Structure formats: C-alpha cells, structure tokens
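Two chains, each in its own frame: build the complex with the hints.
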Amino acid sequence: MSAGRFIHPLDRKLLRDARRLWGQLLAAAMILASGVAVLVMTGYLFESLQQTQRAYYERYNFADVFAHARRAPLKLGDDIRNIPGVSAASLRIREIVRLDIPDLVEPASATIVSVPRYGPPGVNGVRLSKGRYVAPGRHSEVIASKEFADARGLAPGDALTVVINGRKRDLSIVGLGQSPEFIYAIAPGDLLPMRDRYAILWMARDSLERAYDLDGAFNDVALTLAPGADAQEAIRRLDHLLEPYGGTGAYAREDQVSHAFIQSEIDQNKASGLILPPVFLAVAAFMLHVAVTRLIEMEREQIGLLKAFGYSNLDVAIHYLKLALIPGISGGLLGAGLGSWAGEATSVIYTKFYNLPFMIRDVPASVYVGGLLVAVGVCASAAAIAVGRAVALDPAVAMRPQAPASFRRGLLDALWFAKHLPVPVRIVLRNVSRRPIRAALTTLGIAAGCSTIVAGTFMYDAMSHLMDVQFQQIQRHDVMLTFPLEQPADIVYDVAHLPGVIQVEGVRAAPIRLSHGSRVERVSLQGLPDRPDLNRPVDADVRPIAPPPAGVLMSRHLGEKLGLEPGDTALVEVLEGRRPTFETQVAGFVEDYVGQAAYMRRELLNRALGEAPSISVAYVTLDAQRYEAFFAAVKRSPIVQAASIRVLTIHEVEKTMEANSSIITFVFSLFAGSICFGVVYNSARIALSERGRELASLRVLGFTRSEVSFILLGEVGLLTLFALPLGGLLGYWNAALIATLFPADLIRAPLIVTVERYASAMLYTVFFAFVSGLIVRRRIDRLDLVAVLKTRE
Amino acid sequence: MSAPAFETRGLTKTYVTGEVTVHALRGVDLIVPEGEFVVLLGASGSGKSTLLNIIGGLDTATAGAVLFRGDDLTQLTSRQLTLFRREHVGFVFQFYNLMPSLTARENVELVTEIARDPMTAEDALALVRLEDRMDHFPAQLSGGQQQRVAIARAIVKRPEVLLCDEPTGALDSETGAIVLEALRRANEQTRTTTIVITHNAGIADMADRVVFLADGRVREERVNSTKKAPTEISW
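If you read the sequences in order, they're chains A and B.
Under our numbering, the residue at position 714 of the first sequence is numbered 714, and the numbers go up by one with no gaps.
Under our numbering, the residue at position 207 of the second sequence is numbered 1207, and the numbers go up by one with no gaps.
What the hints contain is simulated information worked out from the structure, not anything from laboratory work.
Note that the structure is predicted; figures quoted are calculated from it, not measured.
Any given hint could be a false lead.
Stated by the list, open to error - Which bits of chain A does chain B cover? Going by a derived footprint, with three or more residues having C-beta under 8 Å, they are: (1) 419–430; (2) 696–702.
Stated by the list, open to error - Estimated spans, in silico, between C-beta atoms of each pair: (3) A:Ala18 x B:Ala1003: 34 to 42 Å; (4) B:Ala1003 x A:Leu15: 54 to 62 Å; (5) B:Asp1172 x A:Arg782: 32 to 40 Å; (6) A:Arg782 x B:Arg1219: 34 to 42 Å; (7) B:Thr1017 x A:Val369: 46 to 54 Å; (8) A:Arg19 x B:Asp1172: 38 to 46 Å; (9) B:Gly1027 x A:Asp315: 48 to 56 Å; (10) A:Gln302 x B:Thr1017: 17 to 25 Å; (11) A:Ala18 x B:Thr1017: 19 to 27 Å; (12) B:Asp1071 x A:Pro422: 24 to 32 Å; (13) A:Met298 x B:Thr1017: 18 to 26 Å; (14) A:Met298 x B:Gly1027: 36 to 44 Å; (15) B:Glu1232 x A:Asp413: 54 to 62 Å; (16) B:Asp1172 x A:Arg408: 51 to 59 Å.
As the list claims (entries may be wrong) - On the chain B side, residues computed to face chain A include the following (Cβ under 10 Å): (17) Gly1056; (18) Ser1078; (19) Val1111; (20) Asp1135.
We put the beta carbon where it would ideally sit given N, CA and C, even for glycine.
Isolated chain B (complex conformation) (with noise of 0.2 Å):
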C-alpha cells in the first residue's frame, strides 16, 4: 500500500444549531491512499458531507487531526486553506456550479488561470470526451455534459485529489455512467486519488476502497479486490 494522501485521527465535527446540538462526525479514523479511487457511502445525515467538507478544506473541526500527506489541516488559517484547495484539491459539485457566462473550455481555463502546471482546457476537456462541445455555453449543454465540464476544470491543474459530492445525484442512470466513466478515466490516467460521496450503493461496485458511514462514524471499509466499469453498475 502507497503512502496516504490523507489520514483522519479522531475527527469530530459538531454543529450548535439553534438549540440543538448535532454531532456530525463521532470520532473518524479513515487513511486514504494516494492514487486511490475511494466511495464514501452512506445515508443522509450519516456525516459524509461533513468528512468530505473537512477533507477538502470547506470546512474545520470540533477536534481531531486530518493530515494531508503528513500536513495538518486543521491548523492551517483560513487563507491558507484558500490556498490548499487552489494548489491541491479538485472539486465536482452536485449540481455543476458552472459560470454561466463562460463557455465550457472557459469554465476550464478559469482554473488554468489560477493554476501552477496545469494542462491544457483542451486536453481536459478531451479526457471527459467533450472536445466538440468546447464553446457552448452551460445552458446549451445536458447536464451530463455540464457534469463532464465540472469534471474537465477540476482535473485540468492535475490535484492531488479530486473531491466529488454526489456528482451523479442529479443525473440518469445512463449519462449518470457517462459521467463516472469520466472520473474513472481521469483517476486512472492522471492517478489523481479520487473521493466520491454517495449515497448509491451501486457505485461502489467501482471503486478501490469503499467506505461505509452512518451516525458520524466509519461503520465499515472494504477494498474491493475487483473493480467494475461504470457501465456495468446497477442503480
């Protein structure tokens, strides 16, 4: 096993709203691999929103350690934390979050802009299998074509990791596949360690290791010894 990209110690999160007191992370203890393809699943309100927040900078801890290749996140200043997700992190949004008024390889080079060695609008948007859709603007694409754009001006400045939140969960099931296809491909070719929340079990079935949440917890983790296409996967 390579050497983890990140590591929870006792993560807890607890949120005070109002007069009620939510506990949403328990204590996780969670190591993920560098290069891996991991699926965090879990029910609604089982915390993983709240780990991925944490992992990918958005959020802070009520305590607890998470280390990014040996750094300690929660230590770092809020401009320091602009800057980790600037220099290390790719996100994939559920619901896209594109500018509308760019058009798709604009939304790529938005990223190539602010990044150190990033590749091409054109190459990333070739990886999601978009290259003849690269001047349309968001409202003239599907949203599966908007998710594969997402998916393009995340992995163009090549992170270390590519967080996605539910990147399906507002799809089909078949252009849902064209979409995980994407993320598969782009964590295979540029080995970006690659987290996915979700709350479908079926995706799972793609993944290197999977991680079960419920109440705040880890419940259960499992690697799977092989992994099945997305195009096999059953909703």
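Extracted from the complex, chain A is given alone in its bound form (with noise of 0.2 Å):
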C-alpha cells in the first residue's frame, strides 16, 4: 500500500499547486520572514534590555533622584532621609578628575565618586566584576570602572595617578566595579564613550573628604524612592534643604544621563518593531492574496466540479486556506528563527558597548509564538477575502468560464497623444488603469521597498550633518578646558602662553532653571563673549550669532519644549553662587542637535551672579606643531580639570558609524530586496498566468520575445517607476518618525536625507526588480505557441 493514499487527493492537489507555485509563496514567505525576524529581533533584545535594566537597578539599588550641591553638611542627611517617599540616601562626594596616563599624551579624565569606608553604597551599587573593595584607611585604593580597565588593560595591583583638587596623587587600583548609574558613561561634553580616556572611579568617603576639603559635608545626593511616592515632590523638597548649600536643582530618573540613553534604546526597540514589520506584513498579504485570487480565478471550473460532487463550502475554503498557510507556517518559522538569532547576537553587541554586567535572556515564549501568529494571521486573512469568493459561487456558474476581461476607454485614452503612442504602450497603459487598486498596491509595495532603503541608511546622512554642524560650524576649538570652579577672566592670558595656543575663547558656564509658565527645564546658561568664534551658536541656515545686548538665545529644542517664541519672556534662576532669579527675553532660537543650552553674553551672567568678570571654560585652537608640548604643560597645570579634545570625539563616532554602516547598509538593502524582488517577481508572475495565452498569440504572430516582454514587463516597470518618488517621499517621512525616537535633549538626529541618499535607493530599487523581470522574462521563451491555437481560456 503507497503512502499516498493516506493523503487525501485534494491535498496531493494542494501540494501539486504549491510546488507549481513556488517562487510566489517562496518570495510571500521571505518577505513574511523578513517582517517576523524584524518583530522577533526587536520584540527579544526590549524584552531582554528591560529586564535586564529592571533586574540591574532593583540588585544595585539605582536611584529615583539625583542632586548637586557646593558643600552640603551631612547632618542635612536627616532631613533628606524625611523626605515622605525617600526609602534610602547616599550622601556622597562626586568630582570631575583629571588622570595623567604615560602613554597618553592628552589628560583623560574620571568622575570620581565615593563609597562608604565600611561596606557598599546603600544607593547607586557598585558591582564588583573583579578585585576586592576599598578597606577602611587606605586612602589611595580605588575601584575604577571596568570598562576603563580593559580598555587601557589595567588589573587590580595596577597604579593609576590622578590630579584631585590640583594635586597629583598615585592610587591603586584594588577592584573592577559597574555600576547602573553608569551603564552608558560619557564625560561631560562628550558624544559617545570613551573607554580609554574616560574612567568612573569609586573612592573611600575619607579620603576624598581629605582631598576636598569636605570634613563632614557632602556634594552630591542620590535617592531612592518608595514605590508610588511622588518624585516631584521630593525633587522639590530636597532642591529646599540643598539652596543654602549651592545646590544646583534635583533632577529624576529620566533627566540622568545613562538611564536617558539606555531607556531610549529600549524605547527605540519597541518602537522600530511598530514601524518596519507592519510594512512587511502588509507587502507579504498583498501578495498572497494576488496569488491565491488568480489561483481560484484559474480553477473556477475545478472549484465548481468540487461542488457540485458534495464537497462543503468550508471544505473548498479550508482547501484554499491551507495553502496561504504554507508561506504563513514556513515564512512565521523561519522569521522567528532568525529573530532570535539576531536578537541575541545584538545583545552581544549591546552588553558590550553598554556597560551591563550581564544580559537576561529570559525571552518569554511569546515574543516568538506572537511573531507565528502574526505571520499566520495575516497569510489566512490575506487568502480570506479571495477564499471568500470562490465559497460564494455557485457550481453552475463556476463550471462555465468567466467572461472575458472587459476593457474601456479611459481616462487615458482622452488624451490628445494617446493614439500616437505605439499600440504595446496602450497595452501597458489600459492593463494598469483596467485595475488601479492592484497597480496602486504594487506601486505602494516596491515604494516600501524602497522606502525602507531610504529611512534605513538616512542616518548617516544625518549624522555627517550634525557632525558638520556641531563640530565645524559651532565648535570650532580644538580643545575644551574645563575648570573646577569658576575663574577670573584674565585666566585667558595664562592660557594664551601655554604652548601651541594661537586662540582662547572663555565661557562662563552656570546651571539655572528655565520656565515658561508652569514649565521648567533645568539646562546650562552658557555665557559668551560678545563675539564667540570658538564656540559659537548658529542660526536654523547655520549663519553664526552673537548674543545679544540683552536677552537670552536657546537651542530651538529646550524653546520648544517651554512653549517659548522669540521675544517671549522667560524666567531664569540660577543655581549657583548667590543664585540670582530674573526674567529675560528670548532673543532668538539657535540650531544645534546634541544637548540643550542657554547662551547670553558673559558679562550680563557675571553682572547677575554679582561677580567679578570670571569664566569656567575656556576653549582653544592650537598649532597642531605643538600638540604635545600644549598637552605636557596642561598636565603640569593644576587647575585644569578636565581636556576636552574635539577630533578624538570626531573620530570616536566616525569609528562607530563606520563600524555599523556597511552592516546596517547590508542589512536594510536585503530587506528592501527581498520586497522589491517579491512584489516584482509576484506581479509579473500573475501578469503571465493571466495573459500567458495574449503574450504567446503575439509571438505567433511573429512578435519577438523582446517585444512580447515589454509588454509584460512593461507594466511592472511602469509600477517601479511611478514606486520611486513615492518610495523617495514614503522613506523620507519614515525617517522623520525614526529621528523622533532619538533621547532629544541629548542628542537629534536632522532630517536630512540627501539626494544621493534618493538616488542610490532608487538605483537599487531599480535593480531588484529588472532582476526578479528578467527572472520571469525567461519564461517567455517556454510559452507554449502551439497550445494557444487550440486552448480557450
């Protein structure tokens, strides 16, 4: 006895239209794939990046608030302690320090933070990952952060020398230690992490007492609150009891920094798995449902025998449905597979260039049994409505052939030049207007293609725009010193004679409080000379501009955001010194992408802060002959705090781009191929089954298979070129919704899609689908042209 008699002969049949349907469901399958992997790949590493954000803050005890202050006494700890709502305090002493590394010509820097003398930080957990703990007394043992470490190969034993508070010092390293308040750890001023010239250091409370002369006093606060209490309104408690103590204005969760980061990655892994599988699923339905409609349409005859022998309406339509499912199952499968995979080895990557101590993987089974479903879903509803059809007719009427396509003059034949176009031209012409929705859908499938191209590559078009802007046009220093505390104006001339110097520009740097109304942001008021040139705000056409006489400028971002317009009033209250509060007026918007800033002249935020002309930064241009010889003398200095050097943050996002733009390129170019290429190829595919028996009366008519294929292909083409703006505008507006998902008050990303950005798109656009042509062109040469003499539709 055979095997197949078990299997029933309608499903021999289906398996027999399966595989003569092959390329159709295959190309339905990949594109379905593609949108499953995508889901999958992005529903994994959210899951898998809020679990093991959740996991990392609740063992390390991440803090809900975080504040500065000058010099708090810790008796304050009490009160802080008071707060409603505070569940637990770390008073801490926190500082920007400068490390000297031999190898180094330039300073890098550390934050340097401190730790109990006895035991770990109730607050803001370190976690050991190598090494020991500092011990009680010893004042030159320090944790340094591990990244750092392997970064520049140091170990435990390891001597690292520091200038705190302008002294030199040699510390030992006696652990390796992570930390969730420093997942994604840039230093102040900086793009991106530097691993190698950018350290987070944990200290003995003693000794960084001793060496800033902070005996019992704090400057630093992190909080933790109790579940459900109200964050605002312990921000504004404790922002109360630091004011007398040069406190700079409590900030949330959400305004730190690395949780800013990490929380908009995984913010931006829910959101991408909203944008681009839709498009997927979509292209992937309409694809099927063209098949299996031109299917039923072809078996009309064999639908109504089925009938008309007993078969039930549901037996037909479970018969027709099973078929879509075959893309659905295998392409569902294969996208989860392959979702997981990527997902995982994203984690990898992510584990690395975010500082997690570990990742959990624990993916819960619903992310891939959710992909399947959708990937079945849409195949059995995209085969529904043609199934529905071919359950509706009735055998009579099924067994007789449909009748013959009906065409009309259009639209297009009232225009004048519609009789002198060559008559294959009419052809592709009236096939496309007899059935606007298809060709509307094509044209729209092979413009996702291409979109996807466009919005999947815009980035580093964006990027080289904000790295223009940002870093030629605006920042214009090579170097940004920093000093710890404010500093008399004439420091300029101390820094014009350090060697290399050609230029030095000071700013004087305050935190204040902005509001509008019942907004407030806390931001940085920069105050410029009257003529910045090193550092100077440009306008929304990148024309630099002075501060004005009188009023503030701020970055059109933090405006928006306080519902400000120029010429508006805002408040502004500083947060330092004798904290001065007066209402100034917006005197322009400027354009910039990375952080957020209030400028004003300098000597106006000196008069407000009643002191003497004085600056924090100051920026420099050097003569790159002497680039060591400036950077020797910077390490002798001892008020300099930190060196900020603008080409290595250059290089540093060069070398991140570069690293994932052949991939990322990749990547998006294979998914816009596979929709391209399977829209394409289905369409053509379907234009041959139903005018295989018109292409091959022509060639018996002595048409030429070049002939005969334009008129097929031609409508396909048609379809990619009208697919290509659209595609274009489709992408562009793709990209728009990619650069909201950016952390905005960190960094935005501009919309900036350039032309050759369009023009490769739609080079490549173009190439997909002449190849999935040229793939069913080669069936017109096994067109049968006997056959059609003696067959009827």
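Okay, here's the thing in structure tokens:
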C-alpha cells in the first residue's frame, strides 16, 4: 500500500499547486520571514534589555532622584531621609578629576565618586567584577570602572595617577566595578563613551573628604524612593534643603544621562518593532492575496466541480486557506528563528556597548509565538477574502468560463497624445488603468521597498550633517579646558601663554532653571564673549549668531519644550553663587543637535551673579606642531580639571558609524531587496498567468521575445517608475519617524536625506525590480505557442 | 499551375509524451500552389494541426523538409522562424486570441506597427466589413465579429500565406458563413495563399483544393472545378 493513499486527494492537489506556485509562495514567505524576524528581534531586545535594566537597577539600588550641591553638611542627611517617600539616601562626594596616563599625550578624565568607608553604598551600588572593595583607612585605594580598565589593560594591583583638586595622587586599583549609574558612561561634553579616556573611580569617602576639604560634608545626593512616592515633590523638597548649600537643582531618573540613553534604546526597540514589520506584513499579505485570487480564478471550474460532487463550502475554503498557510507557517518559523538569532547577536553587542554586567535573555515564549501567529494570521486573512469569493461561487456558474476581460476607454484615451502612442504602450497603460487598486498596491509595495533603504540608512546623512554643524560650524576649537570652579577672566591670558595656543575664548557656564509658565527645564546657561568665534551658536541656516546685548538665545528644542517663541519672556533662576533670579527675553533660537543650552553675554551673566569677570571653560585652538607640548603643559597645570579634544570625539563618532554602516546598509538593502524582488516577481508572474495566452498569440504573430517581454514587463516597469518618487517620500516620512526615537534632550537627529541617498535607494530598487523581471522573462521563452491555437482560456 | 507557396517532402513528426510515442505525421508530401484557397480536412488526431503548425513555423519536424518558396523552413533557427512568421504569415485562431485591452482597430494596428508594407487598419477592417465596429473592444463584439477582427489582423500586413486553424470552430453556422466569406474575399482580393484546417467537410466546397488527412498521411487530394459561396455551404 502506498503512502499516497493516506493523503486526501485534495491535499495532493494542494501540494502540486504549491509546487507550481513555489516562486510566489517563497517570495511571500521570505518577506513574511523578514517582517517576523524584525518583530521577534526587536521583541527579544526589548524584553531582554528591559528585564536586564530592571534587574540591574533593583539589585544595585539605582537612584530615583539625583542632586548636586557645592558643600552641604552631612547632618542634612536626616532631613533628606525624612522627605516623604524617600527610602534611602547616599550622601556622596562626586568630582571630575584629571587622569595622567603616561602613554597618552592628552590628559584623560574620570568621575570620582565616594563610597562609604565600610561596606558598599546603599544607593547606586557598585558591582565588583574583579578584585575587592576599598579597605577602610587605605586612602590610596580605588575601584576603577571595568570598561576603562579593560580598554587600558589595567587590573587590580595596577597604579593610576590622578590629579585631585590640583594635586597629583598615585592611586592603587584594588577592584574593577560597574554600576547602574554608569551604564552609558560619557564624559561631560562628549558625544560617545571614550572607554580608554574616561573612567569612573570609586574611592572611600574619608579619602575624598580630605582631598576636597569636605570633612563632614557632601556635594552629591542620590535618593531611592518608595514605590508610589511623588518624585516631583521629593525633588522640590530636596532642592529646598540644598539651596543654602549651593544646590544646583535636583532631577529625576528620566534626566540622568546614562538612564536616558539606555531607556531610549529600549524604547527604540519597541518603536522599530512597530514601524518596520507592518510594512513587510502588508506587502506579504498583498502578494498572497493576489496569488490566491489568481489561483481561484484559474480553478473556477474545478471549484464548481468539487461543489457539484458535494464538497462543502468549508471544504473548499479550508483547501485554499491551507495553501496560504504554507508560506505563513514556514515564513513565521524562519522569521522567528532569524529574529531570535539576530536578537541574541545584537544583545551581545549591547552588553559591550553599554556597560552591562549581565544580560537576561529570558525572553517570554509570547515573543516567538506572537511572531508566528502574526505571520499565520496575515496569510489567513490575506487569503480569506479571495477564498470567500470561491465559496460564494454557485457550482453551475463556476463551471462556466469567466467572461472575457472587459476593457473600456479610460481617462488615458481622452489624452490627445494617446492615439500617437505605440500600441504595445497602450496595452501597458490600459492594463495598469484596468486594475487601478492592484496597480496602486503594487506601486505602494515597491515604494515600501525603496523607502526601507532610505529610512534604514538616512542616519548616515543625519549624522554627517550633525557632525558638520556641531563640530565644524558650532564648535571650532581644538580643545575645551574645564576648570573646577569659576576662574578670573584674566586666566585666558595664562592659557594663551601655554605652548602652541593660537586663540583662547573664555566662557562662563552656570546651571540654571529656565521656566515659562508652569514648564521648567534645568539646563546650562553659557555666558559667551560678545563675538564668540570658537564656540558659536548658529541659526537654522547655520549662520553664526552672537549673543544679543540683552536677552538670551536658546536651543530650539529647549524653546519648543518650554513653549517659548522669540520675543517671549522667560524666567531664569541661576542655581549657583548668590542664585539670582531674573526675567529675560528670548532673543532667538539656535540650531544645535547635541544637548540643550541657553546663551547670553558673559558680562551679563557675571553681573547677574554679582561676580568679577570670570569664566569656567576655555576654548582653545592649537598649532598642530606643538600639540604634545601643549598637553604636557596642561598635565602640569593644577587648575585644569578636564580637557575635551574635539578631534578625538570626531574620530570616535566616525569609528562607530563606520563600524555599523556596512552591516546596516547590507541588512536594509537585503530587506528592501526582498520586498522589491517579491512584489515585482509576484506581479510579473500574475501578469504572465493572466495574459500568457495573449502573449503567446503575439509570439505566433511574429512578435519577438523582446517585444512580448516589453508588454509583459512594461506594466511592472512603469509601476516601478511610479514607485520611485513615492518610495523617496515614504522613506522621508519613515526617517522623520525614526528621528523622533532619539533621546531628544541629549541628541537630536536632523532630518537630512541627501540626493545621493534617494538616488542610491532608487537605483537599488530598479536593480531588484530588473533582476526579478529578468527571471520572469525567461518564462516567455517557454510559452507554448502551439497550445494557444487550440485552447480557450 | 503557378509556382508552389509551400512544398513538403516526406514530412514526419513524432512526439514522445511520457512513455507513449505519437506518430503525428508519417511522411507528408504536399504542394500548395501560390494564391490558392486550400482546405485541410481530417478528423481529430489526423495530423492536420501538426502540419499547419510546422508550415507556420510554430513547430519543428522530426524528418523531411518544408519549402516555403524554395527555402527550407526546417533549417531555420527559432529567431529566424519568428521573423518568418512576422514577415510572411498571417494566423487566424479558433478562439480569435485578440488582445482584450485593445480595440478592434488597435488589435489590427498592433501588427501594422511591426509590418514592412501593411495596408491601413481601416482598410483591413473594411475588407471584413467591420468599418462600424473599429473602436469596440473584444468584450463588446460577438464571436463572429471577433473572428473577423482576427482575420483583419492577419491580412493587414499583406502576408504571403494565411493560416487558419478551425476558424469557425467556435461559431454557429450563420456566423461561420460570414467569417468564411471574409476569408474568401481576403483570398480573392489580396491573392493570399490561404490554408484552412477544419473537420467540417462542408467547408471543403469553397476551396480551390481539398487535402484529406488521416493517420498522419495524405489520403486524398481534390481540386474543385467549381467553388461554392460560403452562404451555399451546408454544415
């Protein structure tokens, strides 16, 4: 007995149909798989990042509220802990220090944070990955951040030279640590983590007390809140308590830089799971719908026969639904597998890029099952409409051949040039206009492919524009020197005398609270020279703007968040010195992409603060020949806290972009390719199936293969042409959507898509369409010319 | 008798389908004189369609030769056969095979655009008496009218031969007569060699020459001394 006997004859027909339609089913399955893969991958990353973040935060008591002050007494701690909702508080000393690394020409920097003398901190814990905790009474012991140690090849037992409060100190690394506070560790003023140049150091509180003359005092607070506590109320009260001690304004976890970056990465995964997959799923659904509709059209008589034999509507419906489930299930499984693999691979990259001590990969089964169900659901619903039509057919009607395709003169023929067009062109145009919805959906499908490339790779245009504006037009210095406290403005003359210095510009930066009505933002107010040159704000047309004699300039993003327009009045509350509060007019917006700030003339800020002309930052341009001599001098200087080197930042960004650019471009081209290829192939195959007889007749009449190919592929070629500008437009919209996923307070992606970007996306699209057209064209060679003489459709 | 348009010598065609070998033609020797209206008669399976396909350059012979005005078609490549059909042959199919997306006039123009010395589409349609239906689409025409458009499409390029495969097979007798009349007029006015295959013996009466095929061989060949008009033919 053969196995075949156990297979129902209808299922055998199904398998043969599937074999005949394998190309179309495969194309649909691949596109589905792409969609499900992205869905599962982003779901995987969202789940694992979120769980990792939650577990890391919980295990190491990541703070809910942060604040800095100049010097507050430790006895304030009781009041702080008594703020309603506060469950724990860490009163710390936290400073920026300079690192002197012998084999680095430039000085590196570190954030040094105090830890309790005995035992780990109750808030913002430190996870030791190697070595031990600092021992009481040993003032030179320090725990270094693991990623910095790894980047510099340091281990417990190694020495580290640090300039603490102007004095060189030789420290000994006793342990390597990580903390939820520094998952994304960037030095102030930097754009990306520079692992080998920026460290986090944890040091026993008493060692730092002595170094900073903060005996019995602190300058930094981290609070955890009880569940359900009102963070805003806690912030308000904390600010009130710290105000007499130089508090610079408390802020919630949402505004903590490291948290904001990691949270935006999590949110991006959630959002990209909602942006890309629907495109793939819709395209696959459309393709399957067309393919099943065509199959049912061709099998009208068989359907009639089946029904005449007594098969029920349900039997017929299930038969065709099963066919649609072949790509549904296979695409779903493949996509889930690919997505899981890509998710895991990406999570490994995340673990390295962010300083995560572990990665929880306990992804719920619902992520995979969901992906599979979506694929099956999409296929079933795509087929359902077509199947509904098959079910509705009356057996007698079904067995009669379908009426000939009816064409009418359309809008096209009303055009004066229509009758001058060659007849093959008219055939193409009439076929397009006869099924406008299908043509529109095909166009949309191809456009979706094209837009995927634009949106997937626009970030390079955005980043290169950002880099140009931020690092060529706005920041024109070579080095930014930060001083621990404000310095007399005359210090620029000292800086100017350092070897190799060409130009110096001093800026007074102070933390402020900027408010308009009920909206408040905590930002830095930059007191600029009257005619800034090395760090100059620019307007929307990238033209430099000088700070006006009165009023403030501010980042457009900041102004928009505060609901301000140029000409409006804003309230400035300086969180430093004698904490002046004053109203000022918004003189204009500046265009910037990194951070947010307000700008005014330095003398106005100095006057408001009631201080002598002073600065806190110096921007410097250097003679490249004397680069090393300059930094050697800076390393000797007691007052320079940190040096941020523009060219290193640029290199770091370029390195990161280059590392990802080829792989991202490849992945998105693959996605776009599968969409374009699938849609064009499917469309051409359907056209061939519908018009094969017509085309074979033309071959009999003496039309060459090329002429017949033109008629077959002209339609999809024309639709591809329509799809190109639409794809560009959709790509731009998608890019706009993606740009909104950035943590806007920290970095904003300018919505810049270059002509070259559009052009290359369109070229890719044409290429993929062309290749799939060529594959279908080969079938024209196999048209059965003899059969057309005898058969009726 | 004028010089032959077609001459076949020992034409043989064998198909192998699966495990069965079909001898469609078993050595056909036939001469079709220039300008004649020839009817190939035979039951289904007699080989008449295979013969027409080979003469028309749609199929290749297993053995033997087909001379078109002295040139052996069996020696031509697929590209040359396309060119042969394009330049010399007009086809009329049983099921018309018009382009549904084109009007009657455009279906005919489709051919004038690739022909070297065509008549106008309007003249060709006038020849089949369809002047008043030129801007109708196939779906707006009756079967007979569609077949007449197909004839106009076949003759518009002034082909040397017109090959018709069961041109009335899908039509009732009244409509069939109109179509045959169109073919007769075309043959008389353009002196195009016309070969019609049919299993309808009645049609033989309107031919110059009738060839009877059976089992892949020519059984009988007859020249009609008097030809009947299509309207006089009984079905």
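These are the hints, each one checked on the structure:
1. 419–430: Three-residue rule met by the region 419–430 of chain A, so holds; n is 6.
2. 696–702: holds (count 6)
3. A:Ala18 x B:Ala1003: 34 to 42 Å: violated, 56 Å
4. B:Ala1003 x A:Leu15: 54 to 62 Å: holds, 57 Å
5. B:Asp1172 x A:Arg782: 32 to 40 Å: The hinted range 32 to 40 Å holds for B:Asp1172 and A:Arg782, with Cβ atoms some 36 Å apart.
6. A:Arg782 x B:Arg1219: 34 to 42 Å: holds, 35 Å
7. B:Thr1017 x A:Val369: 46 to 54 Å: holds, 49 Å
8. A:Arg19 x B:Asp1172: 38 to 46 Å: Cβ of A:Arg19 to Cβ of B:Asp1172: about 41 Å, so the range 38 to 46 Å holds.
9. B:Gly1027 x A:Asp315: 48 to 56 Å: holds, 52 Å
10. A:Gln302 x B:Thr1017: 17 to 25 Å: holds, 23 Å
11. A:Ala18 x B:Thr1017: 19 to 27 Å: holds, 25 Å
12. B:Asp1071 x A:Pro422: 24 to 32 Å: Between B:Asp1071 and A:Pro422, where Cβ atoms are some 31 Å apart, the hint holds.
13. A:Met298 x B:Thr1017: 18 to 26 Å: Given about 23 Å between the Cβ atoms, the range holds.
14. A:Met298 x B:Gly1027: 36 to 44 Å: Between A:Met298 and B:Gly1027, where Cβ atoms are some 40 Å apart, the hint holds.
15. B:Glu1232 x A:Asp413: 54 to 62 Å: violated, 42 Å
16. B:Asp1172 x A:Arg408: 51 to 59 Å: Once the Cβ atoms are compared, 27 Å apart, the range 51 to 59 Å for A:Arg408 and B:Asp1172 is violated.
17. Gly1056: Holds - the Cβ of B:Gly1056 comes within 10 Å of chain A, reaching about 8 Å at its closest.
18. Ser1078: holds, 9 Å
19. Val1111: Holds - the Cβ of B:Val1111 comes within 10 Å of chain A, reaching about 6 Å at its closest.
20. Asp1135: holds, 8 Å
Violation of the numbered hints given earlier is confined to hints 3, 15 and 16; the remaining hints are satisfied by the structure.
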